[in-house]
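Peer 1: So the chains spell out like this:
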Amino acid sequence: MNKKMKNVISESIRMALLLIAVSIIAFFLVINSPIDPLTSYVGPESTLSQEARDEIAEYWGLYDPPAERFMSWVGNIVRGDWGDSITYKRPVKDVISERFSYSFGLMACTWVISGLLGFVVGIISGMREGGWFDRITKYFCLMVKSAPTFWIGLLVLVIFAVELKWFPIGMAVPLGKPANEVTFWDRLYHMALPVITLSIISMSDIMLYTRQKLIEIINSDFILYARARGENEKQIVLRHVIRNIALPAITVQFASFSELFGGMALAENVFSYPGIGTATTAAAVNGDVPLLLGIAVCSAVFVFAGNLMANVLYGVFDPRIKEGVITYEHTHAHSH
Amino acid sequence: MSTHTHTHTDKKRFEFNRKTFVTMMVIFAVVYLVGVGIWGLFMDPESYAVNYDAKFVSPNFDHPFGTDFMGRDMFSRCIKALSNSLIIGVLASLFSSFIALFMGVASAVFGGWVDKFVNWCVDLCQGLPHLVLLILISFMLGKGVNGVTLAVIFTHWPSLTRIVRAEVMQVRSSQYVQAAYKMGKTKWQVAATHILPHVIPSYVIGLILLFPHAIMHEASVTFLGFGLPKEMPAIGVILSESMDYLATGKWWLAVFPGLMLLVAVVLFDVIGDNLKKLWNPQSGNE
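Residue numbers (the numbering used here), protein chains in the order written: chain A, 48 to 383; chain B, 24 to 309.
Worth flagging that the hints you see were computed from the coordinates, not collected in a lab.
Listed next, the in silico DSS-like pairs over lysine-lysine satisfying Cα-Cα at most 30 Å (straight line):
1. B:K300 x B:K42
2. B:K299 x B:K42
3. A:K281 x A:K185
4. A:K212 x A:K192
5. A:K192 x B:K300
6. B:K299 x B:K210
7. B:K299 x A:K192
8. B:K273 x B:K253
9. A:K53 x B:K139
10. A:K192 x B:K273
11. A:K185 x B:K300
12. A:K192 x B:K42
13. A:K136 x B:K253
14. B:K273 x A:K212
15. B:K299 x A:K185
16. B:K253 x A:K192
17. B:K208 x B:K139
18. B:K210 x B:K139
19. B:K139 x B:K205
20. A:K185 x B:K42
Everything numeric in this text was worked out from a predicted model, so none of it was measured.
Construct the entire structure; sequences and hints are all you get.
Peer 2: Spelled out as structure tokens, the structure:
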């Protein structure tokens with residue numbers, strides 16, 4: 048118990064340090080950009096005099112040394128002031144929380160659907176290795192992994208929205224409908240295509256992983272012994288296979304937060320869904336430094352949360368780690 | 024496959040055939056990719072010139088991939104775009120792999136704080152979602168060709184670094200390496216003469232399997248508008264342009280360019296996976 052707590056704490060400290068380093072790097076990448084935040088704020092056609100520009104830059108602290116700017120930025124963030132977004136003319140915190148609420152639904156649905164579907168399909172095709180179902184799903188998943196996310200999004204759009212007209216082409220709510228009349232079903236209906244796109248993509252990883260693991264396990268001695276005892280396929284899957292694969296599969300699913308975020312950003316741009324992904328591109332296009340930084344830090348926290356969850360899950364559930372026989376690094380090296 | 028029933032000689036011939044087959048696949052993939060790269064490089068820009076008389080022609084014999092809103096032939100434009108993507112992808116992953124090779128070998132040979140530092144850099148690089156990091160770097164460098172190329176270079180080394188490091192770890196404690204140390208060789212000499220040659224096969228395979236990632240990420244960043252400029256034929260540009268016309272049923276603008284990219288990526292995987300089979304004596308006998 049004590050040791051487990053110590054693991055969790057040291058892991059958390061390591062991740063906190065990394066998070067700080069990530070924000071330092073993000074900050075210096077953004078402030079070194081040749082895109083002038085002042086120009087993007089007042090607009091390129093502004094007739095503002097040079098003196099007035101200098102005054103604003105002075106007020107914003109654009110002439111201060113980078114280290115000082117970083118410290119004041121961090122200080123503000125800690126105090127809860129994330130600055131104002133140039134693109135949306137609102138506080139960054141409001142923009143991010145509103146956008147994230149849209150994206151969160153998208154990612155949560157994708158995460159659950161792709162995880163369950165990938166796991167089940169992986170088990171079915173692994174149990175019948177070389178069969179027609181296995182071959183079709185395997186090649187399909189390998190294809191999907193080789194295709195760019197946004198292209199799959201475009202294909203889904205062409206097939207389901209343009210040709211079949213089953214789903215709307217984009218946006219999160221029906222166009223021209225007042226916000227207070229938008230129902231839950233409207234939201235769900237508009238979410239369907241991005242979720243389908245992302246699920247197809249995320250499913251491939253978890254399916255191929257589950258299948259690979261299952262084939263490894265099914266060829267091991269204890270399964271042979273179970274067969275010799277007279278257990279049937281169903282018993283083998285339920286008693287031995289799932290118990291051995293579920294944990295690594297869930298871990299892989301948690302560790303995929305980084306991919307999920309990137310895929311979401313692309314899918315949102317394809318379906319013009321007003322989530323954090325479209326906000327990221329809008330921020331970068333408009334040179335919206337405060338928003339871009341805010342999103343970078345939030346996305347890093349998101350990825351770290353996934354990794355932390357994966358590590359903790361292993362520590363809690365894997366009996367070998369619990370008893371200190373092997374460390375997390377060992378299992379981690381295996382899963383890659 | 025029912026190879027169990029074959030006689031000994033049959034089996035031998037089968038293995039020979041398989042090896043030839045694998046080699047043929049690799050050669051075919053290389054020829055295709057190099058061919059497209061060179062074809063695009065020396066392509067006459069006239070072949071995808073603007074022609075307002077032939078706007079939105081759906082795929083036919085003259086224009087296998089149709090034409091776009093300016094009447095440009097999509098087939099030529101796709102070849103040129105893919106060639107651009109291939110050249111940038113190959114350059115970027117080559118430089119990225121140099122970083123990985125250096126970091127991986129240094130980390131395993133020197134151990135201690137060097138190893139810790141390299142691992143920390145890997146974790147750091149993977150701390151942000153890949154796409155966000157690509158956008159940030161590209162943003163810092165003012166977008167364009169340089170921006171996206173450098174972004175791809177600086178974000179694709181971590182996975183290969185891990186592979187190289189693991190490979191070096193395997194030989195580090197072997198007797199011939201220890202013997203070299205005892206004979207008074209420095210760490211750099213041992214790394215260069217004894218460790219590096221051992222790592223090269225997995226490094227080359229890792230590099231080849233890196234190309235598709237680099238090309239796809241370049242296309243993604245370009246698609247979002249932070250990569251190659253709009254006037255340059257690129258798969259990302261073509262696909263982001265196509266978005267405006269998909270709703271009106273111009274499906275060919277999106278389907279074929281993406282398919283070309285998909286085929287290129289699959290072929291890189293074919294080369295990498297088959298080379299792995301050819302070079303690894305254990306899997307060669309499977």
